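For chain A, the structure is supplied; the task is to place chains B and C on it using the hints.
Protein chains in written order, with this note's numbering: chain A, 1 to 365; chain B, 1 to 220; chain C, 1 to 230.
What the hints contain is simulated information worked out from the structure, not anything from laboratory work.
In this text, all values refer to a predicted model and were calculated from it rather than measured experimentally.
Check each hint, because a few of them may be wrong.
One-sided excerpt, in silico: chain B residues whose CB lies under 10 Å from chain C [said to hold, decoys possible]: (1) Leu11; (2) Ala84; (3) Leu161; (4) Val164; (5) Phe177; (6) Thr178; (7) Pro186; (8) Ile189; (9) Gly192; (10) Val193; (11) Ala200; (12) Asp204.
Under the rule of at most 20 Å between Cα atoms (straight-line distance), these lysine to aspartate or glutamate pairs were calculated in the DMTMM-like manner [stated by the list, open to error]: (13) A/Lys222 x A/Glu253; (14) A/Lys187 x A/Asp204; (15) C/Lys187 x B/Asp184; (16) C/Lys187 x B/Asp179; (17) A/Lys214 x A/Asp19; (18) A/Lys201 x A/Glu161.
For each residue, glycine too, the CB sits at the ideal point set by N, CA and C.
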Amino acid sequence: MITFEGVSKRFPDGTVALDDVSLECATGEITVFVGTSGGGKTTALRTVNRMVEPTSGRVLIDGADVRDRPPAELRRGIGYVIQQAGLFPHRTIADNIATVPYLLGEGKKRARARARELMERVGLDPALAGRYPAQLSGGQQQRVGVARALAADPPIMLMDEPFSAVDPVVRGELQAEFLRLQAELHKTIVFVTHDIDEAIKMGDRIAVFRTGGKLVQFDTPKNLLAAPADDFVADFIGYDRGIRRLSFVPAAELELDDRAVLPENASVAEARATGADWVLLTDSGRRPLGWVAVSGLATDRSLQHMPRAPLGHTFNVRADSARAALDAAVLSPSGLAVGVDDDGVVVGVASPLDLTNAIGRESAR
Amino acid sequence: MIAAPADDEPLIRWDWLARNADDIGGMLADHVYLSVVPVVIGLVIALPVGLACARWRWIYPPVLAVTSLLYALPAIALFVVLIAFTGLSHTTVMIPLALYTLSVLVPGVVDGLRAVPDHVRQAAVAMGFGPLRRLVQVELPIAVPVVMAGLRVATVSNISLVSVGALIGIGGLGELFTDGFNRDFPTPIIAGVVLTILLAVAADGLLILVQRLLTPWSRQ
Amino acid sequence: MNAILNALRWFGQSEQWSGPDGIPQRLLEHLWYSGLAFAITLVIALPLGLALGHVRRGRAAAALGFAVVSSANGARALPTLGLLILAVLLAGSGVGPTLVPLVVLAVPPVLVNAYTGVRQVEPQIRDAAEGMGMTGSQVLWRVEIPVALPLVLLGMRTAAIQIVSTATIAAYVGLGGLGRYIIDGLKRQEYDSTAGGAILVIALAFLIQLIFTGLHRLSVSPGVRLSASH
Chain A
1 MITFEGVSKR
11 FPDGTVALDD
21 VSLECATGEI
31 TVFVGTSGGG
41 KTTALRTVNR
51 MVEPTSGRVL
61 IDGADVRDRP
71 PAELRRGIGY
81 VIQQAGLFPH
91 RTIADNIATV
101 PYLLGEGKKR
111 ARARARELME
121 RVGLDPALAG
131 RYPAQLSGGQ
141 QQRVGVARAL
151 AADPPIMLMD
161 EPFSAVDPVV
171 RGELQAEFLR
181 LQAELHKTIV
191 FVTHDIDEAI
201 KMGDRIAVFR
211 TGGKLVQFDT
221 PKNLLAAPAD
231 DFVADFIGYD
241 RGIRRLSFVP
251 AAELELDDRA
261 VLPENASVAE
271 ARATGADWVL
281 LTDSGRRPLG
291 WVAVSGLATD
301 RSLQHMPRAP
311 LGHTFNVRAD
321 SARAALDAAV
331 LSPSGLAVGV
341 DDDGVVVGVA
351 SPLDLTNAIG
361 RESAR
Chain B
1 MIAAPADDEP
11 LIRWDWLARN
21 ADDIGGMLAD
31 HVYLSVVPVV
41 IGLVIALPVG
51 LACARWRWIY
61 PPVLAVTSLL
71 YALPAIALFV
81 VLIAFTGLSH
91 TTVMIPLALY
101 TLSVLVPGVV
111 DGLRAVPDHV
121 RQAAVAMGFG
131 PLRRLVQVEL
141 PIAVPVVMAG
151 LRVATVSNIS
161 LVSVGALIGI
171 GGLGELFTDG
181 FNRDFPTPII
191 AGVVLTILLA
201 VAADGLLILV
211 QRLLTPWSRQ
Chain C
1 MNAILNALRW
11 FGQSEQWSGP
21 DGIPQRLLEH
31 LWYSGLAFAI
41 TLVIALPLGL
51 ALGHVRRGRA
61 AAALGFAVVS
71 SANGARALPT
81 LGLLILAVLL
91 AGSGVGPTLV
101 PLVVLAVPPV
111 LVNAYTGVRQ
121 VEPQIRDAAE
131 GMGMTGSQVL
141 WRVEIPVALP
151 LVLLGMRTAA
161 IQIVSTATIA
171 AYVGLGGLGR
181 YIIDGLKRQE
191 YDSTAGGAIL
201 VIALAFLIQL
211 IFTGLHRLSV
221 SPGVRLSASH
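Chain A on its own, in the form it takes in the complex (with noise of 0.2 Å):
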């Protein structure tokens, strides 16, 4: 556990980096600092590894003043991530995840058979091993830069803006993996990023971070899009964070209607028994065809043979969120999402108010 009491950090030129931050990081799990630039959220950071000493207040690691450690013995039991990765261009990629090994006085053998080890936990090729850092692309170097900070395998890490670097759809994969990653680890991890998105895709807590320093908020994602302190980090969430707490509602908590589901060979006058607008045809196995509006049907023929209109995308009801049900509502010729379990068999429909009822009961709870 790191905590923090009552961090302060003033600079020689005057401005305030930090101002009376308080707060713990909970063992094994990604405490993320947010914030817009100039909050301090860097600064906070780097008092963990003594890269920043604060003016006033103390860090503890597990209890102990961070600073009854000399700096670079501290730094080495601690994994430090970048931006841009910082590696080493005059090192090859396995010498770079050493790095922290070698300074322990490891063998040069037994550190880069564990960095080729590494290489394969981060999803890199061990046969780029032997390259140079300015041979690798952008997502690849921040690989590397996450295997060097595992690579002593220290019980913290402290990630300053480890994604923001590379493209948006390498960024995805890398927080994608890296989540798989500490899934298994469970590291104490610090991340820092400006992206309101990433910390709340990445962190099991979020502080917030405003300019002067001040720690605004410091809470579950959940509860951050749920209940904002104030304005401002209201205003940093974004004015879609309604949709966005939508993410931390199970799909699995909506009631979904099966009344408008309808076999493929039923008659109109079925459909029109149903009293919905809309009914969704479903194949012998109940898998969804398409939809068919019942009000435009005149004659008395099998649904079969009336037009229909495309599908659109389902929702599963197990593993997606309520996001995935509106986003499916939204797109579909209906207005209505088709819920499937993991075989596709149609389980039922949700209208957007069934969605609205869902984050009605959630918040109340």
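For chains B and C alone, kept in the frame of chain A given last:
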């Protein structure tokens, strides 16, 4: 050859300087001529060579190898080798200096042109600039600061190197050095050193001024 | 063409190859004076340049850095011959006074290139090094110097060539070495000796260039060369 000035002998004899002001002025003019002409010649050659190197990248490494070898050649050695071909003339001193200028400026021109950001080049193409107009109106102006930096180095080095020519009798202010040495007389030497430095500083300042006029956008 | 033939004939004369005025002796002298000046230059300029580049914080360091960079520009303006003559006139002839201008002219390029080389190491590389627990001297030796090496070597090469060239001119004020052939030849109007000396000096300059190219290949990491070409 112990040559510390006698106690009654001042380090600088101003009266000597006053008496020889005309001669010194002539040497100064000669010095300016000997150092500036090679800079101009070097620039005139370096521009097309640098442009060619920027356009066809494969010729740059061999050209760079040649220019850095040229730069390594001691001036005195070049002077005496050239005596056999161009005699004891101004040309003998100016050829090596032009070569040094060339070897400083070619990388300068290439680096300057490479410093043109790709998006700027592409914007120029997109706006319909032809290759020549693009070069003259967009790329060269952006390259000016780097080229000017090279020009300043070359000019200042030339001004200092001209005096080595005094060893073969053609050295502008450098002749004050040999004169003072032959007569064991510090005044002309000190005058020569001071004037050479002042000339270099003045030339450098002039070039900075020219650069500011050429690149008004970079003025703060 | 005649002059070159004469110079070649000069090389063929047996008296050039022995005695106090023989080529081996003069070459050794030249190498000795140049090597001495080069060693003194390195001892003064390398630690100073590297240390100044490494210490980045504070106004004093910035002011010193500015002074260092200006010194290189300033040194370029100094007339070599004038300095040599002045040194001998003021401090007397001999190896000591003659070496002073050699060192004075060679220190700035080494100093400036070592300084800027270390200073130009990207801040995030240095930040990563410190953040992973390298001490100040580990950052300097394991990261900054290897990354700055191309520039450090460039400064050393410039200085070495400068010294060999100035040592040649120093023959005018009485120093031994290859410059003797040139200066004495000029004085006696024996142009074959002058040209022969010049060819030897040029060969020596080429050799130094070659040595530094080799040194660059051997000591600069391929990774640094790759990142420079990007």
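Cross-check of the supplied hints:
{"no.": "1", "hint": "Leu11", "in the structure": "9 Å, holds"}
{"no.": "2", "hint": "Ala84", "in the structure": "3 Å, holds"}
{"no.": "3", "hint": "Leu161", "in the structure": "8 Å, holds"}
{"no.": "4", "hint": "Val164", "in the structure": "5 Å, holds"}
{"no.": "5", "hint": "Phe177", "in the structure": "5 Å, holds"}
{"no.": "6", "hint": "Thr178", "in the structure": "8 Å, holds"}
{"no.": "7", "hint": "Pro186", "in the structure": "5 Å, holds"}
{"no.": "8", "hint": "Ile189", "in the structure": "5 Å, holds"}
{"no.": "9", "hint": "Gly192", "in the structure": "5 Å, holds"}
{"no.": "10", "hint": "Val193", "in the structure": "4 Å, holds"}
{"no.": "11", "hint": "Ala200", "in the structure": "4 Å, holds"}
{"no.": "12", "hint": "Asp204", "in the structure": "8 Å, holds"}
{"no.": "13", "hint": "A/Lys222 x A/Glu253", "in the structure": "16 Å, holds"}
{"no.": "14", "hint": "A/Lys187 x A/Asp204", "in the structure": "12 Å, holds"}
{"no.": "15", "hint": "C/Lys187 x B/Asp184", "in the structure": "18 Å, holds"}
{"no.": "16", "hint": "C/Lys187 x B/Asp179", "in the structure": "15 Å, holds"}
{"no.": "17", "hint": "A/Lys214 x A/Asp19", "in the structure": "5 Å, holds"}
{"no.": "18", "hint": "A/Lys201 x A/Glu161", "in the structure": "14 Å, holds"}
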